[in-house]
Amino acid sequence: MVQVEVGGVRRHVNAGLFEPGEIGVGDWVLIHVGFVLSKVSETEARDQLRLLAELGEAGAAMDEVRGYA
Amino acid sequence: MKYVDEFRDPALIATVAAEIKRVAGSARHFRIMEVCGGHTHAIYRFGLRDVLPGNVELVHGPGCPVCVLPTGRVDDGLAIAAQPDVILTCFGDMMRVPGTVGTPLELKARGADIRMVYSPLDALKLAQKHPEKHVCFFAIGFETTAPSTALTVLRARELGVPNFSVFSNHVTIVPAIRAILDSPDMRLDGFIGPGHVSTITGCRPYEFIARHYGKPVAVSGFEPLDLLEGILLVLRQLRAGEAKVENQYRRIVPWNGNPGALRALATVFELRPYFEWRGLGYISQSALKLKADFAEWDAETRFAVPGVRVTDPRAAQCGEVLKGVLKPHQCKLFGKECNPERPVGALMVSSEGACAAHFRYAHAEALQV
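Line by line, the protein sequences give chains S and E. Mapping to this note's numbering: the first sequence position 48 is 41, numbers consecutive. Just remember that this note's numbering sits 1 ahead of the position in the second sequence, which is counted from 1.
Be aware that one or more of the hints could be misleading.
Said to hold, decoys possible - Derived BS3-like pairs (lysine-lysine); straight-line CA-CA distance at most 30 Å:
1) E/K290 x S/K32
2) E/K245 x E/K328
3) E/K109 x E/K328
4) S/K32 x E/K245
5) E/K134 x E/K109
6) E/K22 x E/K245
7) E/K130 x E/K109
8) S/K32 x E/K126
9) E/K134 x E/K290
Unchecked claim - Chain E is nowhere near these chain S residues, computed Cβ spacing over 10 Å in every case:
10) V(-3)
11) V2
12) R3
FYI, nobody ran anything at the bench for these hints, they're computed from the structure. Using N, Cα and C, we set each Cβ at its ideal position, and we do this for glycine too.
Just chain E, with the same shape it has in the complex (with noise of 0.2 Å):
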């Protein structure tokens, strides 16, 4: 058993398709967001959305971390990496987002020492083989990253190593949900929970969805069948006028999440009284830094980070895009102006953006009819 093959059989998709198409019906539209970006990549990646009738529609979510960092952290970032004697590094999907002033990756060609890293853990050992340099992480993601980054913090101070910090972008999920469920244009039935976030936070936090917002949830894996379960899961709470969450990673998500994660992010971090969302606004405690215990490897209080707020280019219309209200092809830059070679926008750059899988798995296609 790999867990992988097994979730992908052609003959079990059918039958959970056919299932969908049966409790679908025909009598209404169903709108049901997936909040995960490495679930909106899998729905275009595996073609899902041609096995769902035509009244279940997805909608994309703002859970892809590149997409949602406004492009004012992104310059903050990049100031950073301006300063003498520093190496910034990040994540690669992080290399060709564009700030102001031009992606990291442009940054770098001009001089600046900017390196890609696979974990944080990378970037700490830099710095303990670079004790002349600085060494800045350039921390991005959800729930699923940021116990990695506070485990690298802690061992940051076992090890006593002093050139280090964090630039933390880190975000947490639960109040871009809430955002979007209180955003007046948006009219959404259910959604696909979050299958990698809530190993570390489990399935307790969605509850208020169901509760107050009468919305039903199902966290989903990553394979065809677990999304396709999972819509159906939401589907069938929706036709017995039901609302809760369910849990359809089981193999994965324990309902409880992962306590050793939980206990490593409230020993490092503290919540943001309020954080920038790209397409999303200022979201009030929606984001971590560092508590003042780690101040010395928190690089927003070791280096003046100009915190400027910059604004999306007026023809880019992402914000509506991370939000679902409009579809990555509808956006008048989409495949013109903005597309994976030259990105304008976030949500072209990263595999896990609306735009890129777009681009990537329905332009092409779309092209050739």
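Same shape as in the complex, but just chain S (with noise of 0.2 Å):
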């Protein structure tokens, strides 16, 4: 069993889908009922976010570049 926080509230959550130590203090996980199904990659959250963001200032660039005509 590991320790959740969610909102605030502490709950105890089985963690036996992983090997003993694989969840670890200060991870953010995905939790379903009661169980622990997956921690979550701060790594790949901000490479989503970041080429999505490029997404974005490409378009501004293509943009300005139609405003060239």
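If you follow the hints, you should be able to join the two separate chains into one complex; please do so.
Structure below.
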């Protein structure tokens, strides 16, 4: 069992779907019906947001280029 | 970083929506199915259809566990609850699903001992607390939930709890997707793959959709930016004439899934030869039963369940809605005989059901106009 905090409320959930030590203090996790299903990857989350932001910058650049004509 | 607000950022949403519009163009119509009921709910809740161009249509899929459970199985569960000295436990959304003799909530009002639990482990604890009773857990759900049931059964064996059993109605998502792809009245261009099921299964089980059916798949998360990016990934593939499986929800979904959960599933469960799905009929190898090693904790070996097949009310068109052939409001009963206060079909019960989501988020607006 591991302790998780959900919106300020602390609860015990089962981490049996992972090897001991795979889930540690400070990790963000996805929980479902009292079990930890997955660990959230901060690197992947940041990566995704960065790529989406770049999509916006690319769009803005295209608009500017179109403006040249 | 909380991984929620960032994925609801209005400026980024506008950016991705603009890109979707650009990629979709106007030359053709795109029909994309979101397989998972959680996606259906999020699409309605965040009003995502309003930011999509008119030629990008979202079709709601079968990934709502309560919705696909046939009435006969609800009746079987209620027959277990009617046995002497039995406590039947289930998740909250099961409590209002109508069986032939009423909903679990109504049977509870008539004296049956039916209790809501948040986790199968709570049902096991209840069994330990009441050794004089038998506690049965009415298990429903896709691969997201089945590993939790599996671990609970393993725990029951480890602790030697004899008065606990599982009535397994766990189903697997891939055979349902295949049934939809093989359905003659179904024309789909691509799929938003389930997010939470895939934390367990990984993305590889969807490769047949791309390889054999030539349709793109993007496994996606549940926030507005997740879903919009998933739609964008599918549209980009369609415009490029490609078909592959992409993982939009990389921060949660490992490509190969959760090995511990897959091991627990393989230890406790085996595939049933066939199982009935509401709206889709019998699908072979689409559901899980406890292996013979765990017969002691299998409600279907401990109790005589009637196993009758019950046809849905003829006027209700749950099956067509479930397959995405009809939109919720096109069903004859929608918003009239069938509403969230008194649901006729299960799609109106669960918050993940297309009809409940449509009623809550789109029907009220339509009436006001």
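Comparing the hints with the structure gives:
no.	hint	verdict
1	E/K290 x S/K32	holds, 28 Å
2	E/K245 x E/K328	holds, 28 Å
3	E/K109 x E/K328	violated, 33 Å
4	S/K32 x E/K245	holds, 25 Å
5	E/K134 x E/K109	holds, 16 Å
6	E/K22 x E/K245	holds, 21 Å
7	E/K130 x E/K109	holds, 20 Å
8	S/K32 x E/K126	holds, 26 Å
9	E/K134 x E/K290	holds, 23 Å
10	V(-3)	holds, 13 Å
11	V2	holds, 13 Å
12	R3	holds, 15 Å
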